[in-house]
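Residue numbers (our numbering), protein chains in the order written: chain A, 891 to 1110; chain B, 20 to 332; chain C, 5 to 680.
These are calculated hints, taken from the structure and not from any lab test. Mixed in with the good hints there might be a few duds.
Pairs of lysine-lysine residues, derived as BS3-like cross-links and limited to a Cα-Cα distance of at most 30 Å, are as follows [what the hints assert, rightly or not]:
hint, chain 1, residue 1, chain 2, residue 2
1, A, K1104, A, K1040
2, B, K67, B, K45
3, A, K985, B, K303
4, B, K303, C, K591
5, A, K1104, A, K979
6, B, K45, B, K71
7, B, K21, B, K303
8, B, K303, B, K286
9, A, K979, A, K900
10, C, K606, C, K591
11, A, K985, A, K900
12, B, K286, B, K45
13, A, K900, B, K286
14, B, K286, B, K71
15, B, K303, A, K1040
16, A, K985, C, K445
17, A, K985, A, K1104
18, A, K979, B, K303
Residues per chain are reported as follows:
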Amino acid sequence: MGLVEIATGKVLSSFSVFLFLTVLLLVVARRISTSVLLFSVQSAIIAAGVFATGFQERLAEAYVVGALVLLIKVIVIPRAFFSLVERLKTSRDVKAWTTPTQSVFIAAAMIYLSYAAVHSYGQAVNVPEDSLAAAVALILTGAFLMVSRKKALMQMLGLLVLENGIFLAALTTTFGMPLVIEIGIFFDILIGLLLMGIFTFRIRETFDHLDVSKLRRLRG
Amino acid sequence: MKMAINVLQALILILGAPLARGVIGKLKAWIQRRQGASIWRPYADLAKLFRKEDLVPPSASWVFRCAPIVLLGATIAVAAFVPVVQPSALLASWGDFFLLVYLLALGRFFLSLGALDGGSAFGGMGASREALVSTLAEAPFLLGLVAVSILAAHADIAGMVTWTLHQNFFNVSAVHILAFTSLAMVVLAETGRMPVDNPTTHLELTMIHEGMVLEYSGPSLALIEWASAIKLHALLALLIALFGPWGMASSGSVEAIGLALLLYCTKAAVLMLLLAVIESGVAKLRMYLVPDFLGVASAVSALAVIFTMLVKR
Amino acid sequence: MYQGGKKAGGEEFTVQLVSIDRAFIFLLAALGLFAPILLLAGRTKRARGLAIALIVAANVVGCSVAALCFWRESHSLLDFSRITPFSFVLEIDKLSALFLLLICTVGVPVAIFAVSYFNRHYPEERRNWMWTFFSLFLLSMVVVVTASTGFAFLAGWELMTLLSAGLILMEGDSVERRHNVFIYLLMMHAGAAAVVAGFFLFLPYSHTLDFLAIRTASAGLPAGIRTAIFLLAFMGFGTKAGIIPLHLWLPRAHPIAPSPVSALMSGVMLKTAVYGFVRFAFDFLAGGPSWFGYLVLLAGAVSGLLGVLYAIAEHDLKRLLAYHSVENIGIIYLGLGTSLLFASHQAPLWASLALIAALLHTFNHALFKSLLFLGAGAISNATHTIDLEELGGLQQRMPITGTTFLIGCCSIVGLPLFNGFISEWLTFRSFLAGFVLTNSKAQIVLPLMVGVLALIGGLAAACFVKVFGVAFLGRPRSAEAEHAVEAPVSMRAGMTILAAACLLIGILPGLLLHPLASLGQALFPGAGVPEETLIIARVIPWIAAIILGVVVTTVLLKRTQRMVPTWGCGLPQLTSRMQYTSTVFSKPIRFVFSAVYRPDRKIERLPAGQPYFPTSISYSSVRTTSYEKALYRPFVDLIVSAAHQLRRLQTGNIQVYLLYIFLTLVALLAFLRFQK
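The following block holds chain A by itself, in its conformation from the complex (with noise of 0.2 Å):
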């Protein structure tokens, strides 16, 4: 039962550092697999967070949780991408607008600023910070993914990233949402998932290629 319980603790102040290594990592991946298999990796550190949270606090909701959380994005979504690109027959690479350096001083820069920012709010309230600076860190993340990758597959990777941070807040803040809520949540997540998936084939197969960086009619 000991080892358990330090197991935990040492999972839960720990698990921000590997969210940050995973933040580093995602923004100098070049090829979509490797970004969704850090994904995947960001997913299952994040799950096992969950439930040192859920043993600590002694929620039974949050195993739930939890397991949703590894079952759908640990496996089934990345499970999702890999088909998708297998069967988009695109080439693997990420195309990104910055060079890997550029992109992790982003990052480096993007970590300092959410420290900077859950500093500053933290301190009133009592909640651990450096989780709400990961989480805050993988939304920027998120963002910054969607903003600089010209395949339309790494702008749904980056909207994963992102309700990755989202979720992270939630279980910060309020030690997990409502369980009916975070199931909706994840049907949400699995809707777009597929209806992205829907799109990119009709983007493929309208101009048979995926760089958003040339879709320039939406104006008006």
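Got chain A sorted already, so can you dock chains B and C onto it with the hints?
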């Protein structure tokens, strides 16, 4: 007594360096499903080279002949800074990690000059690429060490090791993880290992470090090979000392030293296995992707420094 | 020559103070009066020889005076106010003593070098004039660093500019040279104007321009005036020191000067600007708000990085060395900025350490930069070119020149056992102390500066591998390089003295560190002696011993050697053109930092009509620094257009001019009326 153990540490690093190389080679061979050469092979190689004669181009000056010697001297001096079995070292002094980095730079400076003195295009190519890699690797090297030093509130390596010894292994701090990541990347770059450079390549156009030593032969080449083995061993020992020193002897008794030595060999074996896995699993980066690799290392180490401030808040 | 100094036995010597003053007067008179008179009036070789000996002797005396004032707490004051229109007082305090030591220590070997150099390069009559200007140039720099009143300082300042411009113009004549000298004079005068304004802003509060009065008055300065003075001093001295973007004159003026003069300009004259800035910022203003420190840090970081990046792209040796001066001034400013930052956060111990680092780097840079420029002079003397692409294999033909140049290269890169390392190590140490402060911004910025300085050092190492490797090693790339002969004795002597000094300070840094520590204490009351300065002095000799031991052991082991041509993949003969050139060597680094360089590339294929069978292809890549286009040109255009507007006032009609006078009268009366 402490002085004797310090000398012993330096000797372990210097004399055990070819063994480290041999072990890495053997591990790589196993991973690649080969038999591999014996782990004692590098010693035989050095002995063979020492018996041969030196071939010197007629246009070369004394810089060509002296470069391997200066390189070896600087690297031996580096080995005197790193704690192995006890948290102190022969030349440990305040601010010595700067001295360590710059001694490596001294060796590399003379090696590059020796490469250019050979008068061949390969030497120039190797020296020019090495200049690029080492330029970009210095900043993350120093920043990573600075981050650990700020956290430990000590500026000598021995002091940092002592501080880490008092920490709990499971209290992984963000600074340490980030610093270890960036320092590991820098060690790969500095020692010329994959994915930055292939130490076993035979194609001159893919060489960085090997290209610089193409003109050398006989005892000069032996000195250079030995020096690069010492560099690898010393940097691995530095990583172990800074990030995983638990088990180091606190007293001077033979049992404690023996135990510490055993633990060091185990940890070194783990690191070498990791290195072998990386070398066998990752392809060499194209030359102009190495700056990206080192740029990531720089950003991670800068983040480590920033985190020291955030952690102390 | 001691004044109240204590000797080891504890006895007190109270020999008259006058002796130091006499020596100082001898220094000034020899450089300013006797040598020029001998050179210009006496036409014989003996007179010139005597004058040169006098110059060297004066410098040696200057060294001893400075050494006494620096190491022994002596003091000297010369008041010439009776014979000059404004108050002209020269005083040697600790700070002045350091810089006087710098000037004279560099002056001796450079003068010795110049004996052969001027002999070979100039005809008889011009030689005398060159030596005159040389002597007066040294005098002007001595005056600048020992001045104790504003008038003396500014007089020396102006003389420095004019004399160096004169020396450059005497080297040759061409449209381009005159244009470069014009830009040099223009920027120097703009800087001097800023310095004058800085001095004059003190006047309402100090009533005279004596440094003592200024010091006491600065305590009561309002914050706005303080800021104005600081900015004026920063811009004025920054122009002279060569921080980016005020460095434009450096790569134009330093390469076209004769080598000994380049050595003095780059090695010593830039340091007088550092001296001026230290005087203003640390002595007069005694620090300021923290943004002063951040500004200087930023200037230092930018100058250091861009200076070395521009240097790497050069293959003209002297321009390369000029850009390296920009880089080293950047490093000095990094130290100064750190010191200001610590001072503004009430950490006098670390402020003192950072200042020690900056001042030591100033001294070291004077030594190794002069050495490098003298080496360039020796190269150009032997091969008549300083283009790296035409050199090669000089080490075998000019061994002493090569070895001393190598020592200079190692020093400027900052390798251990050479003097550059000590000052860079101290600068790193002062950055590391940043975490002692409680201000979070400083806690991050200062350690991150470690990364900046490390990058600068790495780039400098790459650049000097290129310089020494391409110029001295390998095979000669041109006929001149192949037939180069060793430099004459006096040139060798000059370079050896400087190289020995570099090695001496590198292995025994304690010599300079202890008096520098007490200088730091003087400028920052309340600071102790930083212990670290002493520790490094103990470790370095051990490292030297280890390396020496290894060298000796391996050299003693007998090994057979055989001469075998370089391996060329089986090709019958390698030519020197197959070696790496300077441009190619720096290509990877230039590629990575390509955002900094924006070259104009031109590829021309001949004949134009047949693209697939060219008879010749020429490639040229010209780099123009973007400052001229982006910063200076708009600024100059603005001034010119403003001048054009003003020109419209000049109608040439006399009645309009009378109207102007009338209108002024009316305005004055109106002002009087409504003023109350």
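Do the hints match the structure? See the list:
no., hint, in the structure
1, K1104/A x K1040/A, "9 Å, holds"
2, K67/B x K45/B, "20 Å, holds"
3, K985/A x K303/B, "21 Å, holds"
4, K303/B x K591/C, "21 Å, holds"
5, K1104/A x K979/A, "19 Å, holds"
6, K45/B x K71/B, "26 Å, holds"
7, K21/B x K303/B, "43 Å, violated"
8, K303/B x K286/B, "26 Å, holds"
9, K979/A x K900/A, "42 Å, violated"
10, K606/C x K591/C, "17 Å, holds"
11, K985/A x K900/A, "37 Å, violated"
12, K286/B x K45/B, "17 Å, holds"
13, K900/A x K286/B, "23 Å, holds"
14, K286/B x K71/B, "36 Å, violated"
15, K303/B x K1040/A, "26 Å, holds"
16, K985/A x K445/C, "35 Å, violated"
17, K985/A x K1104/A, "12 Å, holds"
18, K979/A x K303/B, "26 Å, holds"
Going through the hint list in order, the structure does not satisfy hints 7, 9, 11, 14, 16.
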